[in-house]
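2 protein chains.
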Amino acid sequence: MGLCLGAIPTIEKISPECVPLWLDLLPALSGEDTTKSFFQELVNILLSYVCKSFRRSSKVLDFHHPHQLREGLEGFSLELPDQPENLEQLLVDCRDTLKYGVKTGHPRFFNQLSSGLDVIGLAGEWLTSTANTNMFTYEVSPVFILMEEILLKKMQEIVGWSEEEGDGVFCPGGTMSNLYSVLLARYHFFPEVKTKGMTALPRLILFTSAHVRITSIHVRSCLFILSINMGKMIPAELESSIITAKDQGCVPFYVNATAGTTVYGAFDPLNAIADICESHGLWLHVDAAWGGGLLMSNLHRVKLQGIERAWSVTWNPHKMMGAPLQCSAILVKKRGLLKDCNQMCAEYLFQTDKHYDTSYDTGDKTIQCGRHVDVFKLWLMWKAKGSEGFESQVNKCLENAEHLFDKLKQRPDFELVFKSKPEHSNVCFWYIPPGLRNMSPGPERNRRLHEVAPKIKAKMMEQGMAMIGYQPLGDKVNFFRCVFSNPATQTEDVDYLLEEIASLGHDICIRD
Amino acid sequence: MGLCLGAIPTIEKISPECVPLWLDLLPALSGEDTTKSFFQELVNILLSYVCKSFRRSSKVLDFHHPHQLREGLEGFSLELPDQPENLEQLLVDCRDTLKYGVKTGHPRFFNQLSSGLDVIGLAGEWLTSTANTNMFTYEVSPVFILMEEILLKKMQEIVGWSEEEGDGVFCPGGTMSNLYSVLLARYHFFPEVKTKGMTALPRLILFTSAHVRITSIHVRSCLFILSINMGKMIPAELESSIITAKDQGCVPFYVNATAGTTVYGAFDPLNAIADICESHGLWLHVDAAWGGGLLMSNLHRVKLQGIERAWSVTWNPHKMMGAPLQCSAILVKKRGLLKDCNQMCAEYLFQTDKHYDTSYDTGDKTIQCGRHVDVFKLWLMWKAKGSEGFESQVNKCLENAEHLFDKLKQRPDFELVFKSKPEHSNVCFWYIPPGLRNMSPGPERNRRLHEVAPKIKAKMMEQGMAMIGYQPLGDKVNFFRCVFSNPATQTEDVDYLLEEIASLGHDICIRD
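Residue numbers (the working numbering), protein chains in the order written: chain A, -11 to 500; chain B, -11 to 500.
Treat the hints with caution; some may be incorrect.
Identical chains share a label here; the pair holds if one copy fits it or two copies do between them.
With a straight-line cut-off of 30 Å between C-alpha atoms, the simulated DSBU-like cross-links for lysine-lysine are [to be verified]: (1) LYS464 x LYS327; (2) LYS464 x LYS342; (3) LYS141 x LYS342; (4) LYS447 x LYS407; (5) LYS342 x LYS407; (6) LYS322 x LYS184; (7) LYS141 x LYS40; (8) LYS342 x LYS40; (9) LYS443 x LYS141; (10) LYS407 x LYS464; (11) LYS142 x LYS464; (12) LYS443 x LYS182; (13) LYS182 x LYS87; (14) LYS397 x LYS141; (15) LYS395 x LYS342.
If you're looking for bench data, these hints aren't it; they were derived computationally from the structure.
Treat the numbers as computed from the prediction; the structure is a model and nothing was measured.
Extracted from the complex, chain A is given alone in its bound form (with noise of 0.2 Å):
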């Protein structure tokens, strides 16, 4: 068979003689050396697009409207087709789908508290994918398994809870972490919840404050916003709320405090609030989603004091600590509480009389049944880095916020939110145009800074240099939201942030 897997031919290019197809690869008999081929050109193109992912000759990104890609961008389609394409096709298409997506492991995008290309998280990935498997049973997935016991362990370790206590399971995303956490909450108090449902329970009261998305799905009739002073719950005003539920028939049982908030990266008070839960019996959740990184700095940890006092802990590594997505724990203080609360004792699917020990099968602990390895990268990393290394890419994450605020508060065309030093890596901002600098506070000054974040990233989006996130929240117009996860990202490319929103947001007009 003749193999042009050379240089990518565009599409003209293609010789009608030399079109390799799927079918030639693996599994089919001497497909290795096809396969070996394709796979090597597709690492070509991978490969050049992690490099140029870090360069900052590199953009971000190049914006195109939705009805521009579905058009078709120079031979890009993405209509599926009937009859298969050629080898040569898929690379080109492969190497578009980069071209118009979104470098989010460049130093200058800032758009989300998931950022970087950790590049042996990466390589666990690949490795993962390879091995695609699924964690359910020890059987498919022996040494993932024993994996995500070490890793669960060490964070439980870090947490600051005893040998004899701790639990957990990976799952996607830190929405369903916390979503676990309130079913085991309320299977902890009601485990006749499980045979019995909810009917036959009482009116069951949770506490948040108001910046969480918890899947309240299920539970928003039942759920507490409390209003919050600078990102941060008020344990005065948990007390008096949960008084209150009692007062009127409620049963309070569950508090979900935050560590890192997703906008401000706000620290709620633990101690304070795990005194208040102790006080009444409550479950104490911290959703520690984004701060959960900090914990592997010693300088940094003391932010979470009061952590290890948590009944349940959600903690993503694909947030602070670089992990691709996706990357979430859930961890439970008390052991079996999981597998009691989730199991439902499907002989067909988790068979009890196999040759090993099946409490290694964890199917029985999740409300999924089939699993992604969200581990393997993980471990990886952290036997690459060492738990040192981790500290160190916070640390350094952190002092870029620390830079960010400095200069923020010399200009003056730029404006905090919060005049304090940020405790996590979020710094938030107004640019102020110069038309607005001399307005005196107000509706009017108000509603022209609300259309100025919008309008200078529109243009920085055109533009591609570079990507941050902005969004009002509470009375606060819309503001810029800085944040620092990318340990790619230097002092430089900070500075360079602020000339690029100054200069795009110089000559913006707004209406009157």
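Based on these hints, arrange chain B on the given structure of chain A.
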């Protein structure tokens, strides 16, 4: 910097002056070469594993008990260090991780509904992890968001919905997809659940057949489990149960029909069930996680006749279509319902004043916030194979099942669980050891037969040349379930499996 990334050295061979660490990789200045060399070594390991996975001379697995792996086999330590390890050691760890795992792509791996290693899908996964982004907004995933839209549209068309109908989302596994359907149905009939919560609702009842694992955590109280005949729901029983529930003052609202059950591969009679749902005004959900793949085949799609009448459908391309794990879609007939049901209008997450059409931001359609990119691999596979490539794969898997069924009918040492031809690729059977062949049916024979499959499976895993699952179900004692979803499997592999079971089972010792 001295690079020693040639052949993978054993741990002993690493000389101290040659230990590149993760800090030498990107984003380090001049890290490009080290990164490329590291990935080149990794790719050699991965591709060598891929090639081995398809070779019949390779073992499917090299079984070790949990305590053996934990103790660290031949220097393969799972423990997490404080200090970094060098890159050579990481590569050795990668090789060992694969070595002690299970080759789920092996032609003789019959253990799960998801098997096979589709190399195009694998290429798609490598690219997905390299892009390392999130499905929540168009802003960070422009290409993948459009690919999702196009894939969902195509799947809806194949289900048989009209141009004006159809919505959906990819989510982490069939259980989550089924959970979506329950939430949607509840919201459709009782939109007040969103503001007033579940206490505002009457006692709702869901109907499903016995062999379904639906996310029942929240709904168990009102889950009515119907009995079955040969794995199928009995429409008359459904109808009478609905009437009984109504008589008791409950409100039936949802029926889960299954197209392809996990164990038997049975298809519920969809049209008959749809008639009942229509006459009672109930939401019909079809769980076609496993059976959905048959829609790709003109020969077999008749088994899902009536699916176009469903209000929602779960379809997992990671099962019968061979996409790498995970790839599961929930399809919803009524457009807009997903967003209405799940959106929380969290402006701090999903801004509506952005410069592009924000209806492409899918975050508000989901109950997760972040969402893994599960679509690209399927998109690339579709490009590579075309619809007709999937058709031929599905047909081949069902031909293998028929071949196994025919063989089993002829052999006196095996017994089929059902005498009728399998509808899907599931074939269920017992191996009857010599000592049991002349025993008359009854509790004593059943007791002994129940022990046969676990004993054979244990020996098979120790030997490692094939893998098949077993389970008891209802009144049937432990039996083997063979499933075909790996196009690499040939009829010779099916024959091999039977010989392997017979040879392992011939001399097993069953206690009197």
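Hint check:
no. : hint            : verdict
1   : LYS464 x LYS327 : between (44 Å within a copy, 26 Å between copies)
2   : LYS464 x LYS342 : between (59 Å within a copy, 17 Å between copies)
3   : LYS141 x LYS342 : within (25 Å within a copy, 43 Å between copies)
4   : LYS447 x LYS407 : within (28 Å within a copy, 68 Å between copies)
5   : LYS342 x LYS407 : between (61 Å within a copy, 27 Å between copies)
6   : LYS322 x LYS184 : within (23 Å within a copy, 32 Å between copies)
7   : LYS141 x LYS40  : neither (37 Å within a copy, 33 Å between copies)
8   : LYS342 x LYS40  : between (49 Å within a copy, 27 Å between copies)
9   : LYS443 x LYS141 : neither (47 Å within a copy, 33 Å between copies)
10  : LYS407 x LYS464 : within (14 Å within a copy, 70 Å between copies)
11  : LYS142 x LYS464 : neither (40 Å within a copy, 43 Å between copies)
12  : LYS443 x LYS182 : neither (51 Å within a copy, 34 Å between copies)
13  : LYS182 x LYS87  : neither (50 Å within a copy, 40 Å between copies)
14  : LYS397 x LYS141 : neither (42 Å within a copy, 50 Å between copies)
15  : LYS395 x LYS342 : between (62 Å within a copy, 27 Å between copies)
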